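S.K.: Each chain is listed here by its residues.
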Amino acid sequence: MNPWAVAALRFLAALGLMLVNGVVMIYMLRKVLAKLHVRMGPMDNGPHGMFQTVFDVLKLLTKEDVTPRAVDKWLYFLAPVIVVVPSLMGYMVLPFSRTAVIADLPYGLLFFFAVMAVVPLGTLAAGWSSNNKWSLIGAMRIVGSQVTYEVPMLLAALSVVMMAGSMSLSDIVNAQSGVFLGFIPRWFVWNVPAFVLFFISGLIESGQTPFDMAEAESELVSGFATEYSSMKFGLLFLSEFSNTFLFSALLVTLFFGGWQIPWVPGDLVQPIAPFVFMIKTYIGIFFIMAIRGTMPRVRVDQMLALGWKFLLPVSLGWVMITGVLIKLGHVVVGSR
Amino acid sequence: MQQLDTTVARGVLERAGVTAAVETVEGLGAVCRVPAAQTRAALLALRDSDLGFGFLVDLFGVDTGETIDIVYNLRSLTRDEELLVKAEHGYDATLASVWDIFPAALMPERETCEMFGLLLSGHPNPKRLLTTDGSEPFLRKSLEVRTAEEVRDRASQHVDAGALDITASSLADASAPAAETVALPASLPRVPAGVDVEHSQNLVLNMGPQHPSTHGVLRIILELDGEEIVAGETVVGYLHRGIEKLAESRRFNAVGTLMDRGDYVAGIHGELAFALATEKIAGIEVPRRANWLRVLLGELNRISSHIVWYGPMGLDSGAMGQFLYTFRDREALLDILEEITGQRMMFNYVRPGGVVNDITTTAEAKIRAFLETYDVYLEENAELLMGNEIFQARTRGVGIFDRQTALAFGLTGPNLRASGVNWDIRRDRPYAAYDEFEFDVPVAEAGDIYARCQVRLEEMRQSARIVRQCLDGMPEGEHTAKVAKVLRPPAGEAYAAVESPRGELGVHLVTDGSDTPYRMRYRPPALYALQAGEAFLPGNLIADGVVLMGSVDLILGEVDR
Amino acid sequence: MALDKLTGENSTLFIRSEQLFDVARRKSLWYMAFGIACCAIEGLMHASGPRYDFDRMGVFFRASPRQADVMIVAGTVNWKMAATVKRLYDEMPEPKWVVAMGACACAGGPFREYPNVIMGVDKVVPVDVYIPGCPPRPESVQYGFITLMNKIQAQTEERLAAARHDGS
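Chains as they are written, first to last, in my numbering: chain A, 4 to 339; chain B, 111 to 671; chain C, 858 to 1025.
Hint data in this document are derived by calculation from the structure and do not stem from the laboratory.
Computed from a predicted model, the values in this text were never measured in an experiment.
For every residue, glycine included, the Cβ atom is placed at its ideal position computed from N, Cα and C.
Just so you know, nobody snuck in bad clues.
In silico lysine to any residue, SDA-like type, Cα no more than 25 Å apart, as pairs:
#1 A:LYS38 to B:LEU488
#2 C:LYS953 to C:PRO983
#3 C:LYS980 to B:ALA265
#4 C:LYS980 to B:SER245
#5 C:LYS1008 to A:GLY49
#6 C:LYS953 to A:VAL74
#7 A:LYS38 to B:MET496
#8 A:LYS76 to B:LEU313
#9 A:LYS136 to B:VAL340
#10 C:LYS980 to B:ALA278
Calculated Cβ distances over 10 Å to all of chain C for the following chain A residues:
#11 TRP77
#12 TRP311
#13 PHE313
Build out the structure end to end from the sequences listed, making use of the hints.
M.R.: Put into structure tokens, the structure is as follows:
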């Protein structure tokens, strides 16, 4: 087939996945929170409220798009774009199966992190251009926190890279095939410190409680999105869920074997591999939402202190220790 | 309570050079009249002498028709004595602020001056508190409320929505001489002079009045250096509805409806304070069963009020879950209250003479069922939020009111007990059968936000204990005394206080022999808590400031009345 | 959406799209809680609580007026509050509705005699649904919202009927 057509189809698939994810995740969030909170969540609009998000999106499409007079016009319009596009690009490198990767880059992980690093710029642009002190404080908090936690996240992922021997996400998934001792899957989650570091840093990067101070509803009204209405708000809202999906997907890819099912040979899994991947990712999302509905929020300075004074040295140390362990006994080496 | 020896007080005042008249009034206690110009000297002498009147319970005004009496209700915690100091002012006088002697006077003075049309001198932030410019001095007797015809003709009230002005300017009297100030409590971060919005060099941020976490229509203006609060000012009055003024035109058994809507989550306590004050003046003896019923519902109301505080406390720190779990428990409580009083919220249950209905056996069964599950749920909710490390890291050591400050700012209730002062009106000035019950009064030493949370949670457990004793030992009898349909108490004056979930809810009632009160003053514990919270905002981060204002348990209906 | 300018007010596309959007608007009402007073506890906190869950109908709470469709005015409006009410109403994007909850917001309530109180919030902003009560039970508030949803549906049909009538 014409390579341009193939690329266009792949792009549309990623876009479609992102939008469908957004719709499903918003509904899932409301239902999960409701069940945790002894309520019912959306019930009236569709069987068990399944069409609720569709109606939400349609309503947002037709709201009046208010542009306050004093905003910085170009940045105000561009900010949702800067936030959503890198999120979309993150979908390109996720391995849904052995062959179903939109762009199987040999440095996929690095591409992913590079692209996700642009998102804080977008939220800063949104907060700054709104010409609203609340949005500004929300934006400053994001920049502070996300810049802080990019490094421990990268370093935690680095120890995984060392174990797999490659930066390509497909290779990392393949390195987790097989079992130890006959029944324990060779997942990288057994590298618990790396998992914990990555999980905490990722919660911050995707802006989830207990670190959601960017949109700390009880403090900052709506944080950086206070002045946004209609579809621009919809895009900002969508990007938050999209980032959460990407974080969970990366968690599954790096630590839980990606599209693989333990004890089942890879070839057998291939036809349903994308579904396995999505199910695993959604289990991760479920846990993140459960945490969101329960835990209180960490204060900004406490979170920054945690990042700089604890996570950064620990992640550096753990990278060194992982290297030493790999060299010493090839204890955690992958299939290479 | 000890009776103040008036000769000792007279001696103290004479030594300070104040010409005062101290006497004991039947039903009210010791009253001291001082000339307006010597008020500061008198209060200073009373505070610093052996009499130790260091706690300002309330400050308010009464329009007697010829003068405006400013009343200072003082209490000595060391000697367990009370004293009312009254100073007569003319209609256009200037009130000399006593905020440096009693920092608790900060907001009540502003309110008294705007409500009676006086000027204020020597005050760091002498702005109007509750009303906007152009408002009449509402509490003066010369000002009438709307007539029934005006109210019926609703269409004739015109509001130009585009030209609403909410400036509240200063009531300062520039010509008054500056008085020498007295030393302030050491822990006060800065003089609470408010935020200068126009000239500030820092970021000035406005929270509210529409804000998810300000617990009602409270507006907080913050001057920020980064995320740290440099100065803070609270603006109230968005819910000022004239409870005190409207009480002057309602019959005595209808004032309860107004008190319900003051502190609207603890309606029973507001009604009870007013009923007690009326009963003191009218000499009504309340039957024992009625008192036990008052205790029963008061304690149930205390639990439901603390739930309304505890849920949003978690929400302020971001934890949504336990907010909804506590509301599930509150629904069960409201079912019980509805069964007994007929209403979920505005009970209108406690009237002068007793209570309106007796409890039914279904209500009793429901209460027992509730208590069974409640013990478990309370511990769960406590563990969920209080046991959480993130919450503890945010609340331990934050927002500390030390003992001296708490007393100086007139804090009462759980806020005071969390700072180490063991004072509870149910035990120390018993009312309505509380002396027949066995309960502990929780006191904490730390004075931080976590301590206040601990004290309130323990109070909820103790309330459950009292409710059990109440059900087990309920005496037979009438649920109300025989009271005239239209009550006309003799002319008199009385102060009655109850321990509401927020602190000392007091009603100072002045009657003139007619069927409506002459003046009703509602002492709002939340107002004193608010000004203490406001004074201690500087030095905290925004997030801590929000949690601090939540931890002092504000209900704006009470603050604004 | 400016479909009517492209295709004309009588086109089936415009009519059907408006019907669809109005369905979406009434099934996804986001409210900005303006809990001024006692009604806030009953009608906002309890109505969204475990027993009377508002989220079943798709109604939930947004803090910022720019993301809300409905403003629930729950409590007494006095002169000081009125300026804020008006300003928040102006900040909300169209289409927007106002629900006056409680006797105070409808007509001044038990405090209507006090000169500082405005006798009803409809003197400041246009009100679509009045919910009487002091305070109204959470079920009353939900019924008020259902009334609002029916009103939106009725308005669709009125608007389309008017457009069709003009064309023919």
